[in-house]
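Go by the hints and put chains B, C and D onto chain A.
Each protein sequence line maps, in turn, to chains A, B, C and D. Per our numbering, residue 1 is the first one in the first sequence, and the count goes up by one each step. Per our numbering, residue 1001 is the first one in the second sequence, and the count goes up by one each step. Per our numbering, residue 2001 is the first one in the third sequence, and the count goes up by one each step. Per our numbering, residue 3001 is the first one in the fourth sequence, and the count goes up by one each step.
Simulated from the structure, these hints should not be mistaken for laboratory data. Mixed in with the good hints there might be a few duds.
Interface residues of chain B toward chain A, partial, derived using beta-carbon atoms under 10 Å [what the hints assert, rightly or not]:
no.: 1; residue: Ser1003
no.: 2; residue: Leu1005
no.: 3; residue: Ala1006
no.: 4; residue: Arg1009
no.: 5; residue: Thr1079
no.: 6; residue: Leu1080
no.: 7; residue: Leu1085
no.: 8; residue: Asp1121
no.: 9; residue: Leu1188
For glycine and all other residues, C-beta sits at the position ideal for the given N, C-alpha and C.
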Amino acid sequence: MLTATGLTCVRGERRLFSGLDLAVAPGEWLHVQGENGAGKTSLLRMLTGLAHAEAGEIRWNGESIRVLAEDYRRDMLFLGHHGALKEELTPLENLGLAAALDGAELAEKDALDVLRRFGLRGREELPVRFLSAGQKRRVLLARLVTRKAKLWVLDEPFTALDVKAVDMLAGLIGEHLSDGGMAVLTSHQAMPIAGCKVVKL
Amino acid sequence: MKSMLAIIRRDLLLAMRRKSEVLTALFFFMIVVSLFPLGIGPEPALLRKIAPGVLWVAALLATMLGLQRMFAPDHADGTLEQMALSPTPLGLLVGGKIAAHWLVSGLPLVLLAPVLGLQFDLDAGALGVLVVTLLVGTPLLSLIGAIGAALTLGIRGGGVLLSLLVLPLYVPALIFGAGAVDAHISGLGAGGHLSLLAALLALAVFFAPWATTAALRIALE
Amino acid sequence: MNNKIINWFRYASPQSFYPLAGRMVPWFWALTAAFGVVGLYISFFVAPTDAQQGEGYRIIFIHVPASWMSMFIYCVMAAWAGLGLIFNTRLSGMMASALAPTGALMAFLSLWTGALWGKPMWGAWWVWDARLTSELILFFLYIGFIALQSAIDDPRRADKAGAILALVGVVNIPIIYFSVKWWNTLHQGSTINLTKAPSMAQTMLWGMLLMALCFWMYSIAVALMRARAIILERETHTEWVKQLVEVKS
Amino acid sequence: MNWNSPAEFFAMGGYGLYVWGSFGVTLVVMIAEPFLVRHRRSAILRSLRRERIAEELDQQ
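So here's chain A without its partners, still in its complex pose (with noise of 0.2 Å):
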């Protein structure tokens, strides 16, 4: 159960939004809404706990995410606008490395098994810098099948992807959810995607 309480963001010397209340319950996601420097990515970033809130607090089943730190990021996978993909290695590479920065096994057949879902058969070997906008896209999100965390932080994950991926992407988080999972994203389309909350900012 994510809860936030009283969130202000400043930046620069501008007042994004102030005294947010926010709760996120098991088999819910929170569509984040808002025009563009709104805050969004913002806020995200702030539920991560990469950015210092000026005012307020963030609860993770109760507890201050400052205090959990390292239990807190155990829990929670964030993807935000970067591809944080190795230009030089190639998919395969990057999510093995990606599970090692984590401390987690991450198996060859698993990896290649979860690339073949997303469609990248055939590319598993090749650097990440031949790949096409979408496909390195579809490398990042492969993570969320690798890494098993309860709570999904997204920022705008649907873009770059085609209508196929876009589905499929809708359908892996309606599957998070119904795992008793939690999901956070930003996006500009409504998505038919059962448990809905609307923060606009």
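Here is chains B, C and D on its own, set in the frame of chain A:
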């Protein structure tokens, strides 16, 4: 611990795929060292006298070259964010990155130094001491440099600023490193210098990753 | 106990510190002038001529205070920086950046007077004397701090990054000083030393002390003035700044 | 008293250039710094006043 090894392995793999960067720093080291006799003249006694200082200053500058790229690529592609959010403590991962930086840009200098020392007419004993000082000293340079690299992350004109911040902090390493070789040549024995250099290294191993981590968190915010 | 902490944090807010600093500044200027006048009188008229260095030694009456202050200010700066990192108070960072230019200035004065003393005594403007060399490196540390802060646009980030640099620097200063001293003894440094030169007469010590106090008060006064300017710059959009008499008139 | 005449005082036993060079530069710098700080302050005050006038115009 496993994650630390993983990040070392990753950075080494990346360095292998971008060989040119590593080699550039190495050639820079060779060229700078070789320029000194050309500028000063080939008199062996003089060259022997300046050799420790020249080799150390050149090593210092060569490590500076790679420093800026220690965190910048990871910062640009979002990997650094993922590292900060990984369940592994960021300090460990940073330690791994520093170790990788040393393996890529410090260790080759250590191995190359005796060959370049021959150009300066150093005898076998002095060469041995030189290698030992660099072996202890270059990790120190990587550790201190990491703090500067993290502080200047994502700042315009970061490269020049980085050298401004880091070079004054390199002074003790330079003094004890070059001093050890000097002391050996003049028959005083390098022990005192070396143990001080080792003490500095121990101090830096303890503090530098911590300071670097704090600086990185600030840069990510 | 709790009350006390709250009280301290009240003064840690820029809003309440601003008028407080404004009231303190004139007092520190008065002290600067008082210590300066007495100090200069002793330096020039009471302290006797040195047997070895003649009148040239009188430079130490500003050289030594400037060197002391340059090191002292760095430590104070690091202390503010550390406080800022621990308690996340905005004022600490502002104080640290208000002190830095004055500290750099003191380091510069120390180098300048050191060079002017060195020319007649050693016959060279610059000698790699242990103290002068460490002072030079300290000057570089100050410049690095100022350059880092001015390169970062977001003032909060600038404060924090500067704080880490200041703390790293303060750990390093003793190491640097020690290493330079060690290096200097090995390379047979100059025999006469600027600070230890005259067999310190009691009056000389007094002169130096008074001049040091004068420099100290000066540093506080200037740092407070600069802190006030920085507060205004950073709090431009707050209501209390708009309500200030200086702004309204 | 160390000095018999003002000329002797300014000569500083032959060290005049160095002693006065040190004290003079110190004095100049210590007078200049507060003025620079004051200048910085008046610059920000000026822009604050301008902002206030602009706000008043907005309200009218």
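For each hint, the structure was consulted:
1. Checking Ser1003(B) against chain A: minimum C-beta separation of about 5 Å stays under 10 Å; hint holds.
2. With a least beta-carbon distance of about 8 Å to chain A, the hint placing Leu1005(B) at the interface is held under the 10 Å criterion.
3. With a least beta-carbon distance of about 3 Å to chain A, the hint placing Ala1006(B) at the interface is held under the 10 Å criterion.
4. Given the 10 Å rule on beta carbons, the hint for Arg1009(B) holds: about 8 Å separates it from the nearest Cβ of chain A.
5. At a threshold of 10 Å, the smallest CB-CB gap from Thr1079(B) to chain A is about 5 Å, leaving the interface hint in force.
6. For Leu1080(B), the suggested interface contact is upheld, since its CB lies about 9 Å from the closest CB of chain A, less than 10 Å.
7. At about 5 Å, the closest approach between the beta carbon of Leu1085(B) and any beta carbon in chain A falls short of 10 Å, and the interface hint on this residue holds.
8. At about 42 Å, the closest approach between the beta carbon of Asp1121(B) and any beta carbon in chain A exceeds 10 Å, and the interface hint on this residue is violated.
9. Nearest Cβ of chain A to the Cβ of Leu1188(B): about 47 Å, over the 10 Å cut. The hint is violated.
Checked against the numbered hints given earlier, the structure breaks hints 8 and 9 and satisfies all the rest.
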